[in-house]
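In case you want the letters, here they are:
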Amino acid sequence: MSNEGQDTAPVDGEGGGRRRRRRRRRRGGGGGGEGASADVLAPQENEGGEGEAGARGRRGRRVFRDDFEAPGAGVPSSGKMVVKPRVHRKKWKPTAGLARRRRMSRGEIDELATYFMKMPEPLVHALYRALGGQPVRVGEHERVVQLTVRALAQGSRLSGLLYQMQPRDRQALAALIQCGGLAHADDFHRELVLMLGGREHDWVRTMQVLADRGLVCGSGPVEEGFYYLVPEPLIDPLLEHLGPELELPTFQHEEIRVVDQRPFCPPLDFSLATLATYMDQHPPKLTQRQEVFKAQKEDLDKFFAQLWAPESEVFNLHYDFLMMHGMIELRGDRVSVNREVVEEWLTLEPEDQRDLVFRALEKRQGMAEWVLWAVHSAKGEWVPEAPLMAIYRRWKRGEDWRERFHKRLYTSPRGADREGYSFSALTNCGVLELGVWGQQKFYRLSPRGLALLDPPDDEGFAKFYLTPNYEIIAPAGLAPVLLFRLGEISELMGCDRANTYKITEISIEQALKKGWRREELLEFLREYSQIGLPQNVETTLRSWMGGDGDVEFHEITALTVHRAHIKRFESLRALRPFIVHRFAPGVYAVDRKRLPEITIVLMEAGFNPGKEIRKYPADDEAAQSRERLHHLLAEAREIREDPVARAQRADTLPADLHAIPGSSVEMQEKKKRPPKGPPRANPQEVRAILEKAIKGNLGLHMTYHSLKDDSRKAVLVVPERIALNREGAAVLVAFDVEAGMRLSYSVAQIERAQTTDGRAGGPG
Amino acid sequence: MHVRPDNPLIVQGDGKVLLETKHPQYEGVRDFLSRFAELETSPEHLHTYRIHPLTLWNAASSGMTKAEIVDGLREWSKFDVPPDVLAQVSETIERYGLVKLLQHPDDRKLLRLEFTTAYVAKLIGQVKTVKELLVEDGKRYLAIQGGHRGIFKQRMLAAGWPVEDLAGFIEGDPLDIQTAEVMKNGKPFLIRDYQRTSADRWFQDGRPAGGNGVIVLPCGAGKTIVAIAAMAKVKQKTLILATNGAAVNQWVREILDKTNLTEGQVGAYTGDTKNIRDVTVATYQILTWRQSKEAQFAHLHLFEDQNWGLIVYDEVHLLPAPVFGATAELQGRRRLGLTATLVREDGREGDVFSLVGPKRFDMAWQSLEEQGFIAEAKCYEVRVGWKNGAALAYEKAREGEKFRLAAVNPAKLEVLDTLLKRHQADNVLVIGTYLDQLHEIARRYKAPLITGETPGPQRDVLFGKFRKGEIKLLIVSKVANFSIDLPDANVAVQVSGSFGSRQEEAQRLGRVLRPKKDGAHFYSLITRETKEQEFAMKRQLFLTEQGYRYYIQEGSN
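As you go down the protein sequences, you meet chains A and B in turn. Each residue of the first sequence is one higher than the one before, counting from 137 in my numbering. Each residue of the second sequence is one higher than the one before, counting from 89 in my numbering.
In isolation and in its complexed conformation, chain A is listed as follows (with noise of 0.2 Å):
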């Protein structure tokens, strides 16, 4: 390849894999590789101290995490938090550049002489030998680990070392350190040839220099062969001064071709909820080979032509990713999205959401986050194709090497030197790009792959446009949970820099069905729309969703949490499985099946779960005192009365009033004085007569007080039964005779009652 236009991408604390060792080693909470440069090395992560073995599978790979530093409030399923969450750049991201000399701490020092402790005196002798000291005339053991470790933590000696070896020895050393700092001997001297040209024996000198100077040890003396290995203590060290052997070459040239370029590249989160949105719209049936039909395909692929060409494996990493994470699951012959699975996963932090897309890369490329860190080194320029073949090479010797050496196998596998790679599979999702330039091939990172590594923290979108003429604009860049739960309310009716939905009442319809309620979905348009909400959308929106809904009854198991203990509570991740929903700070529901579970989690935590579950009503019996009481309490409504108001109503009532005998109006008062009623009553008399009247299936003469117009009635009717209304009062539900319906009278404005002989008529 012609190095013509060739720049090589610094080492710093941008560099490649190392990043993510630096990011482990951080969220595991152990203290060693702060400060330590960066560099495309991933592998030598297995050579982790005891203090990371706990959080780590072999390859360096965290199995478990739970003292998660990022407090942030759990967002359960009900997706609360629709803003983007915001990256935390520095729990991550290294800061470390060539520049820091970093002094080591005293733990660190202890955690070396240790280690030196344990080697064989004449391999500390060596190293101490070749940093520039001079065992013979120390004496003691100790004395010279101990100086060893001095020098080492002054940087300047192994910076010294280093500059003073042939660049060969760098060479050999750094390609050794690429390996994972372990290889296997016979094969390790092939791949330098392969790499750096010469003769396997005079490779087998350089790193016999490199031993004499204590930086290279032996695996033992075995007859079958041996491995080299870098002191675990020494990599940090070297990897800050050995930069320039370690770095990837870059290119640039204006004519490079971008093979398969799409004309936009967002965020996987964003095209996953796009796609999930689609989805949900317009399921799509699977043949019996789960492929999705043919003609659904394609207007699927039409109606995502900005984001993939059709038959790409950019659709087929979206879909395996919303299947293999049950965001979308098969049901009968269709597909069908899991709407909270898909809520709960965009409200996941961007790290979380991350690890699970390089969980989905690394099944279609091994390694595949190791690449794109190695990329991204390269800061958007091109990388050769060649190198980072190479490099990925020795990841996947290393890999090999380290395995055999832990099962004590000592021959040369042999074989796989000269094994071809490809970075098809991410071109082709999509993450990487291929350039071409003449017969060469380069990479770099997508704006999908560098939005994958390097979230933004912000696009500057924190709301869409909703318009008076029932479209929504949401743009890219928009928080992917918003533009999910915008695709429930409304049709998605494109994908670009700025999706478009339409609120129609059919949607509308659907999201009620979804579990969208009236007030709810107002509020999500009026918060998140720029513009607010136009009036006759409002209005609108009320006519079509109508009244229902306002109340509604749940079932569930509720979990409170004490006002002091709601931040601690909210921010405890280990938790978050376990919430189902959250109310309000403080009230969550929680999944019943699954309380042993959260009780262990909580009092992990710190937290003193009651031991009974509180029940409401918490017995039958109570429920049934509580029940009297209110009828008792309806009772005594009914009879009380202001004692003064009834004198002056039993004085002044216009019933009781007559003319005098002998009076000239008394022939007048005569004619129009009504039928007599029934004999008045007292309200506990009233009450004594309806109930008299209700067990003995009995009509009714009663006088009704009506305080609408103040008006009495004498009415008959066929009682039913003693009810509550809405304020508590007590009321006759009974047969109007003359009405013909059924009516409720409150007991209280009855004035006068009295029983029939027989049954009246009823309704029947």
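Everything labelled a hint here was simulated from the structure, so no lab data went into it. Treat the hints with care, as some may be off.
[Claimed, not checked] Computed list of lysine-lysine pairs in DSS-like fashion (alpha-carbon distance at most 27 Å, straight line):
no., chain 1, residue 1, chain 2, residue 2
1, A, Lys844, B, Lys381
2, A, Lys638, B, Lys466
3, B, Lys626, A, Lys638
4, B, Lys381, B, Lys566
5, B, Lys110, A, Lys638
Since the structure of chain A is already known, use the hints to place chain B on it.
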């Protein structure tokens, strides 16, 4: 993905461009966009433009370069401009000018074609629809008949080959026409900037690339003035086609008021009077009148009677089908189309563009409202319920009857009472479609009614009284939908409409858009939960897309 959220544009992959109207640089970006993209919808806060070949070729014909467009889009876009769009802009603009139409040096009946390369000529020769129009012009050239100019350009456009028409126009008889400095009422006559710009964009300094096309401006924005400005630029005899007799009279009044022409130079050609003068204003109706279905159109000769230098089509969206044919033969003459709503319910907007010319200028209603050139309008949809068992009659009615029943719902009158009471100090137009209903309203309020049956002179008298303020309430049928200038009307109540017709809604609203201090109110009375409400939804969408503020209210409130 490079994002610049502070920029005002979002350029979509399909050529749609979204523009934030509240952005501080909105006006500059709008002017930039309007030169090569078409304004599709203009709801509040976010306007949608579309870039398509026609608009790009129009831009190219006005001298806009590819680099100007690309650089502008890149500068103002929030996201990276889609490569597809850049490629479209580039390829489309590069195509312009590959085929030129020139005057034939020897034969006046022919127009010669000039191709940039022989390969282009070969490709054009393969376009079936165009091939039949081509005429051999010696061994080296191809030509078309002069009468095929319009249809040739139309077909070439459809095939993706925009023709640079350099054949020029037939020069009409000269006419010394100038805009007046002072109007009859003594006030100075000033042409607004946007009116001048639209006339300039149409005329293009007399270059062959200009001289035809459509100007789209909201009702009340002064399209007549634009036509007068265009006439003053062309300075040739002019034929103006308008929608009805009242509109013709209005045109005559305006021309006499705002130009130096005298009454002897301006004539009306309608059913009542048939004066052909230097500037003649005719109705579409008279042009398409014939004695029987089989007979010839008796007045189409008007196009040929004079050597017109300019033909103005008022409310060009109403261009009747017979006039299409006549217009196709008039491609050699300058043509100006004016409209507020270039939507046709028959979907033939494309034909209008290809025959009269491309859209030369378009301005959102909001921009004019902000500048105070048209009234601040509020649209209200008032929903009315049924009364006295009418709902049952509605439910029982046949599907075809339902819309009518809902439209003439008697309960609307109660709401009308309230509205008229609220606006008793205003000049109110009550507009409807169903005559029975309008007669009842006229009786109820003892107000004058104008329908199709009202004789022209009587209409003019009533409109005149309304303008003077002698009548505060006027009931009108759909005869008043177009071209009637009632500057003082500030409230319109639409009691019934025609099945969600978008242009009818916009035109009726246009009656109250003439600028006034207290703004304008436009009420549509709709019977709740009926067919009428369904159609009202379509009109609502149209009006909101145009940027009008739309409120929905309950009649009971």
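Each hint, compared with the structure:
For the given pair, lysine 844(A) sits about 71 Å from lysine 381(B) by alpha-carbon distance, which is inconsistent with the 27 Å threshold. A threshold of 27 Å between alpha carbons decides the hint, and for lysine 638(A) with lysine 466(B) the separation of about 24 Å falls inside it, so the pair holds. Using a Cα cut-off of 27 Å, the hinted pair lysine 626(B) and lysine 638(A) holds, with the two alpha carbons roughly 14 Å apart. Of the pairs offered as hints, the one joining lysine 381(B) and lysine 566(B) holds, with about 25 Å between alpha carbons and a cut-off of 27 Å not exceeded.
For the hint pairing lysine 110(B) with lysine 638(A), the CA-to-CA distance comes to about 22 Å; that is within 27 Å, so the pair holds.
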